[in-house]
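Chain by chain, the residues:
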Amino acid sequence: MNAFEYAPAPESRAVVDIAPSYGLFIDGEFVDAADGKAFKTLSPASEEVLSEVAQAGAEDVDRAVKAARRAFEKWSALPGAERAKYLFRIARIIQERSRELAVLESLDNGKPIRESRDFDLPTVAAHFFYYAGWADKLDHAGYGADPRPLGVAGQVIPWNFPLLMLAWKVAPALACGNTVVLKPAETTPLSALFFADVCRQAGLPQGVVNIVTGDGSTGAELVAHPGIDKVAFTGSTEVGKAIARTVAGTRKKLTLELGGKAANIVFEDAPIDQAVEGIVTGIFFNQGHVCCAGSRLLVQESIQDELLEALKRRMSTLRVGDPLDKNTDIGAINSAEQLARITALAEAGEAEGAERWAPSCELPDTGYWFAPTLFTGVTQAHRVAREEIFGPVLSVLTFRTPAEAVEKANNTPYGLSAGIWTEKGSRILWMADRLRAGVVWANTFNKFDPASPFGGYKESGFGREGGRHGLEAYLDV
Amino acid sequence: MSDARLSVLKTYKLFVGGKFPRSESGRVYEVTDSQGKWLANAPLASRKDARDAVVAARKAFGGWSGATAYNRGQVLYRVAEMLEGRREQFVAEVADAEGRSGKKSDTAKAAAQVDAAIDRWVWYAGWSDKIAQIAGSANPVAGPYFNLSTPEPTGVVAVLAPQESSFLGLVSVLAPVIVTGNTAVVVASEKSPLPALSLAEVLATSDVPGGVVNVLSGRTGELVGPLAAHQDVNAIDLAGAYGELHGELAVAAEKAAADNLKRVLRPAEVDWAAAPGTDRMLSFLETKTVWHPIGI
Numbered sequence: 003m004n005a006f007e008y009a010p011a012p013e014s015r016a017v018v019d020i021a022p023s024y025g026l027f028i029d030g031e032f033v034d035a036a037d038g039k040a041f042k043t044l045s046p047a048s049e050e051v052l053s054e055v056a057q058a059g060a061e062d063v064d065r066a067v068k069a070a071r072r073a074f075e076k077w078s079a080l081p082g083a084e085r086a087k088y089l090f091r092i093a094r095i096i097q098e099r100s101r102e103l104a105v106l107e108s109l110d111n112g113k114p115i116r117e118s119r120d121f122d123l124p125t126v127a128a129h130f131f132y133y134a135g136w137a138d139k140l141d142h143a144g145y146g147a148d149p150r151p152l153g154v155a156g157q158v159i160p161w162n163f164p165l166l167m168l169a170w171k172v173a174p175a176l177a178c179g180n181t182v183v184l185k186p187a188e189t190t191p192l193s194a195l196f197f198a199d200v201c202r203q204a205g206l207p208q209g210v211v212n213i214v215t216g217d218g219s220t221g222a223e224l225v226a227h228p229g230i231d232k233v234a235f236t237g238s239t240e241v242g243k244a245i246a247r248t249v250a251g252t253r254k255k256l257t258l259e260l261g262g263k264a265a266n267i268v269f270e271d272a273p274i275d276q277a278v279e280g281i282v283t284g285i286f287f288n289q290g291h292v293c294c295a296g297s298r299l300l301v302q303e304s305i306q307d308e309l310l311e312a313l314k315r316r317m318s319t320l321r322v323g324d325p326l327d328k329n330t331d332i333g334a335i336n337s338a339e340q341l342a343r344i345t346a347l348a349e350a351g352e353a354e355g356a357e358r359w360a361p362s363c364e365l366p367d368t369g370y371w372f373a374p375t376l377f378t379g380v381t382q383a384h385r386v387a388r389e390e391i392f393g394p395v396l397s398v399l400t401f402r403t404p405a406e407a408v409e410k411a412n413n414t415p416y417g418l419s420a421g422i423w424t425e426k427g428s429r430i431l432w433m434a435d436r437l438r439a440g441v442v443w444a445n446t447f448n449k450f451d452p453a454s455p456f457g458g459y460k461e462s463g464f465g466r467e468g469g470r471h472g473l474e475a476y477l478d479v
Numbered sequence: 002m003s004d005a006r007l008s009v010l011k012t013y014k015l016f017v018g019g020k021f022p023r024s025e026s027g028r029v030y031e032v033t034d035s036q037g038k039w040l041a042n043a044p045l046a047s048r049k050d051a052r053d054a055v056v057a058a059r060k061a062f063g064g065w066s067g068a069t070a071y072n073r074g075q076v077l078y079r080v081a082e083m084l085e086g087r088r089e090q091f092v093a094e095v096a097d098a099e100g101r102s103g104k105k106s107d108t109a110k111a112a113a114q115v116d117a118a119i120d121r122w123v124w125y126a127g128w129s130d131k132i133a134q135i136a137g138s139a140n141p142v143a144g145p146y147f148n149l150s151t152p153e154p155t156g157v158v159a160v161l162a163p164q165e166s167s168f169l170g171l172v173s174v175l176a177p178v179i180v181t182g183n184t185a186v187v188v189a190s191e192k193s194p195l196p197a198l199s200l201a202e203v204l205a206t207s208d209v210p211g212g213v214v215n216v217l218s219g220r221t222g223e224l225v226g227p228l229a230a231h232q233d234v235n236a237i238d239l240a241g242a243y244g245e246l247h248g249e250l251a252v253a254a255e256k257a258a259a260d261n262l263k264r265v266l267r268p269a270e271v272d273w274a275a276a277p278g279t280d281r282m283l284s285f286l287e288t289k290t291v292w293h294p295i296g297i
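Top to bottom, those sequences are chains A and B. Take the first sequence: its letters are residues 3 to 479, numbered as in the numbering used here. Take the second sequence: its letters are residues 2 to 297, numbered as in the numbering used here.
The set of hints was computed from the structure by calculation and includes no laboratory data. Note that the Cβ used here is the ideal one computed from N, Cα and C, for glycine as well. Please note that the accuracy of each hint is not assured.
[What the hints assert, rightly or not] Here are a few chain B residues that sit away from chain A, every Cβ distance over 10 Å (derived from the structure):
(1) Lys49
(2) Ser138
(3) Val252
[Stated by the list, open to error] Heads up, simulated EDC-like pairs for lysine to aspartate or glutamate below, C-alpha to C-alpha not over 20 Å straight-line:
(4) A:Lys76 to A:Asp138
(5) B:Lys131 to A:Glu303
(6) B:Lys60 to A:Glu339
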């Protein structure tokens with residue numbers, strides 16, 4: 003059945019020009035780290051070095067915070083309509099440069115170009131558009147007649163959606179009149195540094211956006227800096243807890259968007275083909291590097307066999323490989339470290355007695371790869387049912403009654419998202435009421451929109467990003 | 002005076018799961034008025050009492066959060082009705098707690114506080130079926146999807162009641178927590194716990210389901226630790242840890258709260274007599290956003 007094999011359809015790399023090295027973006031200029039330290043950023047698909055990036059230390063973070071503080075006075079005093087126009091400019095420039103940024107993102111992150119081109123970049127631009135419009139309407143947002151910004155925001159973002167997470171943090175912060183110091187993830191610093199160039203083209207005043215690249219130690223310096231008024235973090239629950247301890251007893255306002263172990267619940271009356279698509283989107287989108295991924299499939303016992311057969315058939319058609327190939331469904335795992343974590347948890351799944359299945363698929367020789375994987379016979383006690391794997395690994399559990407489904411879905415310290423598949427409207431609403439999760443997708447999954455608040459219950463963090471709710475994180479209310 | 006009747010003193014007890022137990026530790030402490038005159042012995046609650054209260058609050062959460070907003074509003078209004086009938090008792094207790102027993106101006110001050118507290122229950126009662134309309138939203142997403150955000154209660158909330166305002170302050174931190182469907186474990190003002198323990202008697206006769214409000218008296222410093230670190234508490238209001246005396250306590254509590262990422266309302270200077278605003282309700286709500294495709 004190889005008659006209709008796909009021909010390679012690579013997106014051209016020529017559209018993006020990566021410099022051999024980058025400095026830190028502080029006060030409108032690229033500067034080297036004070037101690038001259040730098041680190042390399044790799045393409046996870048080929049392990050080739052893409053560029054060398056400055057490693058910010060305490061002194062650099064301090065300079066960035068001071069630059070942001072200096073810029074805050076004027077930026078916060080600008081009429082909202084003027085701030086809005088800067089943000090609209092940024093949104094437009096991102097749209098103009100979206101192919102370049104999409105290719106860059108796929109190179110540095112490993113995600114398929116189809117996703118960076120059709121999801122990440124359009125959503126980034128939309129997010130700036132959305133919050134641009136709020137900048138001169140804050141008095142109508144329900145936070146009082148004249149809500150004030152907080153000051154300097156320290157923002158630390160993850161590697162799974164580098165530019166999108168930047169947009170989620172920077173757009174509302176600037177719209178509300180704050181200035182920012184942003185630390186992109188160690189393994190994906192490039193799109194944030196290109197964003198610095200977007201700010202330059204937009205004529206954004208110097209110091210309003212500062213970007214300090216580095217590892218976890220840079221992030222720790224930033225959140226502990228006494229000169230910031232706000233900490234926003236997206237990443238692991240473990241680091242989120244450490245940050246919450248760091249800011250305890252300070253005036254810093256904190257919002258956290260952390261891990262998840264979402265249940266995707268399929269009832270026997272669900273439209274099976276749509277549910278299978280939703281399950282696949284839920285766990286294999288972005289290699290499963292998604293905090294709200296539907297990583298626990300809860301399937302009603304009566305349709306288990308039928309659903310799993312359809313799911314395995316669908317998984318067998320997923321194409322794993324070159325992120326820049328337009329036909330690729332699953333790209334590279336972001337780093338060797340993450341691959342090791344996924345591998346270890348999958349091995350634990352087998353060792354604990356769950357049954358592992360993956361379609362036969364050829365993985366490239368270089369780079370970091372993990373085939374889409376399914377575990378059946380999973381119990382609630384198994385590590386693959388409890389711990390966030392953050393990779394293309396789905397754990398399948400079963401249930402008999404709606405009450406049992408709710409019980410199992412909520413049996414986790416996380417509470418970011420959940421999915422429900424059924425044709426019965428009243429059951430959707432009954433379930434949605436009882437699921438302790440910040441986002442509930444019914445008969446769909448992994449949908450995002452700048453107007454839609456996103457964020458977790460319980461140990462998935464607090465605060466919301468997106469929508470009117472997302473403004474609160476950056477206002478003194 | 003031979004015809005003077007000897008009054009019947011009250012044994013003050015904790016309020017846990019709708020019942021009035023003594024502290025499992027068997028301990029009490031002396032409560033005095035501002036002049037040092039003995040008023041009563043209050044239970045000196047232990048860590049175990051705190052844990053029992055959390056269990057009771059968790060057990061009550063499903064029913065209370067699942068009740069209709071209209072129903073919760075009626076129950077809160079009922080609290081105001083019951084308090085109104087026992088107004089004189091509370092005026093006397095607040096006067097004893099915060100002023101000089103029997104002094105006229107202190108009694109007037111206490112009366113103003115009790116009246117404000119009763120009115121506050123009425124004010125919050127009315128919020129039960131309105132908060133979702135101001136805190137929720139219908140979101141115009143760029144696609145064929147129904148998308149609605151609604152606030153939901155966070156869960157079990159530990160509340161350190163203000164130390165100085167033993168009744169108006171207490172009501173001002175408790176009512177906003179429970180009106181939205183949370184359940185509460187309240188640590189009463191350490192030096193003036195009696196109005197809080199008496200409020201429990203009002204709650205018990207106001208259709209507030211057992212476990213929705215649990216009241217502990219004792220050492221704030223002893224009780225805050227187990228509550229802040231408790232893995233089944235979802236949020237903590239540190240109002241009662243305000244001031245220099247409690248500064249370190251608040252920081253330690255916030256750090257302990259990070260272990261399961263409790264929502265923390267930090268202590269701040271608050272004028273309990275001023276109009277409250279919606280902040281305290283909003284602090285203990287989660288936003289849930291539900292998506293569904295639109296199609297035929």
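These are the hints, each one checked on the structure:
no., hint, result
1, Lys49, "holds (24 Å)"
2, Ser138, "violated (6 Å)"
3, Val252, "violated (3 Å)"
4, A:Lys76 to A:Asp138, "holds (16 Å)"
5, B:Lys131 to A:Glu303, "violated (41 Å)"
6, B:Lys60 to A:Glu339, "violated (42 Å)"
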